[in-house]
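Protein chains in written order, with our numbering: chain S, 1 to 114; chain A, 1 to 113.
Calculated directly from the structure, the hints in this document are not laboratory data. In this text, a Cβ means the ideal position worked out from N, Cα and C, and glycines have one as well. Hints should not be assumed to be uniformly reliable.
[As the list claims (entries may be wrong)] Examples of chain A residues toward chain S, derived with CB under 7 Å:
(1) S99
(2) K100
(3) F103
(4) K105
(5) I107
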Amino acid sequence: DAGVIQSPRHEVTEMGQEVTLRCKPISGHDYLFWYRQTMMRGLELLIYFNNNVPIDDSGMPEDRFSAKMPNASFSTLKIQPSEPRDSAVYFCASARQGAGNTIYFGEGSWLTVV
Amino acid sequence: AQTVTQSQPEMSVQEAETVTLSCTYDTSESDYYLFWYKQPPSRQMILVIRQEAYKQQNATENRFSVNFQKAAKSFSLKISDSQLGDAAMYFCAYSGANSKLTFGKGITLSVRP
Chain S
1 DAGVIQSPRH
11 EVTEMGQEVT
21 LRCKPISGHD
31 YLFWYRQTMM
41 RGLELLIYFN
51 NNVPIDDSGM
61 PEDRFSAKMP
71 NASFSTLKIQ
81 PSEPRDSAVY
91 FCASARQGAG
101 NTIYFGEGSW
111 LTVV
Chain A
1 AQTVTQSQPE
11 MSVQEAETVT
21 LSCTYDTSES
31 DYYLFWYKQP
41 PSRQMILVIR
51 QEAYKQQNAT
61 ENRFSVNFQK
71 AAKSFSLKIS
81 DSQLGDAAMY
91 FCAYSGANSK
101 LTFGKGITLS
111 VRP
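Just chain S, with the same shape it has in the complex (with noise of 0.2 Å):
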């Protein structure tokens, strides 16, 4: 089976630029994370959906981020505009309810804002 796939990898953009970051959650599964992850402050939930609806959104750092879920099968995370302190992993993560809450993750995307 295929786990959670993101993308980009690897993204460096430019101070003041949209990033887009895209997740394609582990098929059959109900709920989507997106977390980020610092040297600073460690993993962070920022958001979370259960059946495509946004659950709790309170991690959210401001307004410059925004997410999505049009669909069971794709998720997104947009930073408008991009500031050098967004530089982090983003990670996407899976699981489907009913399983012992064990979430399953995509490989990351790092994300570079110079």
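Assemble chain A onto chain S, guided by the hints.
Chain A only, in chain S's frame:
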């Protein structure tokens, strides 16, 4: 809110020896799950082991086992017969009724040949 604490930032173990990574958590929920994830330099998050809080028996996966002490809210990971490939960052994580994971700060494990 739930919290997960990993107080040791780094540990080192000799190849073939056993090492224990500690983790404590705080929660008011009675039903929850605990996890250990491994993160090698590639940054991939790999599930190592999972424990259901309602199970008294400690989970094991080959060379990996946990010591789950529910009353003490402690969840340590034991790695037996350590291998060079075990060198990585290890994260303890909690998941409760809302299904989201709360992570500890992680511990860097190095394995000496």
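Among all the numbered hints in the text so far, which are the ones the structure does not match? 5
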